[in-house]
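Please work from the sequences and hints to get the whole structure.
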Amino acid sequence: MSADVSDLSLVRRVQRGDKGAFDALVLKYQHKVVKLVMRYVRNPAEAEDIAQEAFIKAYRALPQFRGDSAFYTWLYRIAINTAKNAVVSRDRSPIDFDLDLQNPDESYDMQGRLKDSETPEALTLTEEIRSTVNSAIDALPEDLRTAIVLRELEGLSYEEIADAMGCPVGTVRSRIFRAREAIDKRLREVFEGGLGRAEELG
Amino acid sequence: MNEELDSQLSAMFDDELPEAECQLLARRLSRDDLLKARWRRYAVIGAAVRAEHGVRLETNLAARVSAAISAEPSLAGAAVAGKRAGAGGGLRWWQPVAGGAIAAGVAALSVLWIRAQSPVGNDPLLADNSPPTTITSPNGTTPNAPSTSDSNSNIYVVPNAVEPRTALVPQAELANFVVAHSEFSTPMNRRNLLSALVASESGTAGGANESEGANDDADTPAKSSAREDRTKNVQEAK
Numbered sequence: 191m192s193a194d195v196s197d198l199s200l201v202r203r204v205q206r207g208d209k210g211a212f213d214a215l216v217l218k219y220q221h222k223v224v225k226l227v228m229r230y231v232r233n234p235a236e237a238e239d240i241a242q243e244a245f246i247k248a249y250r251a252l253p254q255f256r257g258d259s260a261f262y263t264w265l266y267r268i269a270i271n272t273a274k275n276a277v278v279s280r281d282r283s284p285i286d287f288d289l290d291l292q293n294p295d296e297s298y299d300m301q302g303r304l305k306d307s308e309t310p311e312a313l314t315l316t317e318e319i320r321s322t323v324n325s326a327i328d329a330l331p332e333d334l335r336t337a338i339v340l341r342e343l344e345g346l347s348y349e350e351i352a353d354a355m356g357c358p359v360g361t362v363r364s365r366i367f368r369a370r371e372a373i374d375k376r377l378r379e380v381f382e383g384g385l386g387r388a389e390e391l392g
Numbered sequence: 121m122n123e124e125l126d127s128q129l130s131a132m133f134d135d136e137l138p139e140a141e142c143q144l145l146a147r148r149l150s151r152d153d154l155l156k157a158r159w160r161r162y163a164v165i166g167a168a169v170r171a172e173h174g175v176r177l178e179t180n181l182a183a184r185v186s187a188a189i190s191a192e193p194s195l196a197g198a199a200v201a202g203k204r205a206g207a208g209g210g211l212r213w214w215q216p217v218a219g220g221a222i223a224a225g226v227a228a229l230s231v232l233w234i235r236a237q238s239p240v241g242n243d244p245l246l247a248d249n250s251p252p253t254t255i256t257s258p259n260g261t262t263p264n265a266p267s268t269s270d271s272n273s274n275i276y277v278v279p280n281a282v283e284p285r286t287a288l289v290p291q292a293e294l295a296n297f298v299v300a301h302s303e304f305s306t307p308m309n310r311r312n313l314l315s316a317l318v319a320s321e322s323g324t325a326g327g328a329n330e331s332e333g334a335n336d337d338a339d340t341p342a343k344s345s346a347r348e349d350r351t352k353n354v355q356e357a358k
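Chains R and H, in that order, give the protein sequences.
Numbering-wise (our numbering), the first sequence opens with residue 191 and increments by one.
Numbering-wise (our numbering), the second sequence opens with residue 121 and increments by one.
It is possible that some hints are incorrect.
Unchecked claim - DEER-style ranges, computed between Cβ atoms:
hint	chain 1	residue 1	chain 2	residue 2	range
1	H	Ala228	R	Ala260	32 to 40 angstroms
2	H	Ile234	R	Ile270	56 to 64 angstroms
3	H	Arg148	R	Arg282	40 to 48 angstroms
4	H	Ala191	R	Asn271	44 to 52 angstroms
5	R	Val278	H	Ala140	31 to 39 angstroms
6	H	Gly225	R	Ala235	56 to 64 angstroms
7	H	Ala223	R	Ala235	33 to 41 angstroms
8	H	Ala221	R	Asp194	20 to 28 angstroms
9	H	Asn122	R	Asp194	21 to 29 angstroms
10	R	Gly207	H	Ala223	39 to 47 angstroms
Read the hints as simulated data drawn from the structure, not as lab findings.
For each residue, glycine too, the CB sits at the ideal point set by N, CA and C.
Shown next, in the form of structure tokens:
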């Protein structure tokens, strides 16, 4: 199996003008990119803004992507450069702390906006998702749990997992799919219960 | 939802689906919102398993990017625009050359204008090529003349003019050099060099004028007769 073939299929569609295919790439890599950017900025909201800028840059530069490297490797470089530039730009333009004494609510709003992504509600939702996934994994049969953990946590390929588990690649594919289905079933309840908007992409 | 389709989606998410199936599924994924939502949850599961702290799992980042990109032109058109921009980039390569040519032209015009404005600008810069004046001595001898077998061997040749400075050609070369390299020299250096060139050309032109003056002297009958008188006096003294 050639690596990155699924990403490349999506990339080719984007290059032919299918914007919906780029949504799939963003959905797949958004968490990785935000985590990457958070090496440079601590504020999650700022990290998301930078990640958004990186994705838009990647979209604009996609006509020049020839597939010589993996899509994520290419995206990784764009995200790193965007984050570095953002940090440099931020350092050069210090935040204006002059408070408008005539309108104290404005400064209050600014501070509120800076911490928007760390509101208790946002943190609770993230923790709820995480605990749901973890509890669903714990409830999985041993073979499914091992397969999904080796894939998601260790990043092994199906062939490597098959070697590790002593089973055919087809079995690995089936186990990982069934593990995901079981977790997804629990996750959908959370999304539909508290995160209805999460189902809407646009 | 079709279980086989979901299985394919899971394999595609892991880059483990054959290419032909990937292309078909990618087409469907880009259009099917339910499939896309499932794809998203697969990504959330991975992020949760990896315990990516600080990363919001329910982020609406994808929606924001999608909204921003919806305002962007389609990449199919952008690719064409990129190629056009590439062709424009080729044209851009000529811009410095064209600029240099314009600068060289302006410099050349400046040199010509300065030369035209100088007092001797209208005088010819080269010495007259008229044949030298010859004086034959009465006794047929040609003092200081090289002996040759030619019938004109006993002709005393008097240079009718001071040899014009050969520095004129180097001046022209220097002018060409300044023009050609004005693109690369700083304005101050260029101006200094042009000033030096003009100053030295004025001197050369003066020399040429002097040569012309010598020619004038030779052509004046009174001065010519005076020179003959001086020659006779010398011969009588001998």
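The hints, checked one at a time:
no. : hint                                       : verdict
1   : Ala228(H) to Ala260(R): 32 to 40 angstroms : violated (56 angstroms)
2   : Ile234(H) to Ile270(R): 56 to 64 angstroms : holds (57 angstroms)
3   : Arg148(H) to Arg282(R): 40 to 48 angstroms : holds (46 angstroms)
4   : Ala191(H) to Asn271(R): 44 to 52 angstroms : violated (23 angstroms)
5   : Val278(R) to Ala140(H): 31 to 39 angstroms : violated (45 angstroms)
6   : Gly225(H) to Ala235(R): 56 to 64 angstroms : holds (57 angstroms)
7   : Ala223(H) to Ala235(R): 33 to 41 angstroms : violated (52 angstroms)
8   : Ala221(H) to Asp194(R): 20 to 28 angstroms : violated (49 angstroms)
9   : Asn122(H) to Asp194(R): 21 to 29 angstroms : holds (25 angstroms)
10  : Gly207(R) to Ala223(H): 39 to 47 angstroms : holds (44 angstroms)
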